[in-house]
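**Student:** Please take these sequences and the hints and turn them into a complete structure.
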Amino acid sequence: MRLRLASWILGLIMRKKSSMVNGHEVEMAVKVEKMYDLAYDKAVEMLQKNVVVLRVIDDQLLVFENMTRKELLEILEENGGI
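Numbering follows this note's numbering, with no gaps: position 48 of the sequence shown is 51.
No wet-lab data here; the hints were simulated from the structure. A portion of the hints provided could be inaccurate.
[What the hints assert, rightly or not] With a straight-line cut-off of 30 Å between C-alpha atoms, the simulated DSSO-like cross-links for lysine-lysine are: (1) K34 / K52; (2) K52 / K73; (3) K37 / K52; (4) K73 / K45.
[Unchecked claim] Computed spacing ranges between beta-carbons, pair by pair: (5) E30 / N69: 44 to 50 Å; (6) M38 / D61: 16 to 22 Å; (7) D62 / V33: 40 to 46 Å; (8) N82 / D40: 24 to 30 Å; (9) E28 / E80: 45 to 51 Å.
For clarity, every value in this text was computed on a predicted model and none was experimentally measured. Beta carbons: idealized from backbone N, C-alpha and C, even for Gly.
**Tutor:** Below you can see the structure in the form of structure tokens.
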């Protein structure tokens, strides 16, 4: 993740060779990177927490190819999803 930020800052510097880099742009890039990292970590956490539910849903869809809202809610309730 840090490599992406470093690459962005380097690209910004290269585009503005003759002028100084605006401190606000770098500050904003750091904030955006932190938000991205937080959202990514939260998504991974949610997927890991609900892996059992996701496997049950996957198995159900492989057999029946579709699922009603009611069936989905039952699976979530029975397996402690979300």
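**Student:** For each hint, tell me whether it holds in the structure or not.
**Tutor:** Cross-check of the supplied hints:
no.	hint	verdict
1	K34 / K52	holds, 27 Å
2	K52 / K73	holds, 22 Å
3	K37 / K52	holds, 22 Å
4	K73 / K45	holds, 27 Å
5	E30 / N69: 44 to 50 Å	holds, 48 Å
6	M38 / D61: 16 to 22 Å	violated, 30 Å
7	D62 / V33: 40 to 46 Å	holds, 43 Å
8	N82 / D40: 24 to 30 Å	holds, 29 Å
9	E28 / E80: 45 to 51 Å	holds, 47 Å
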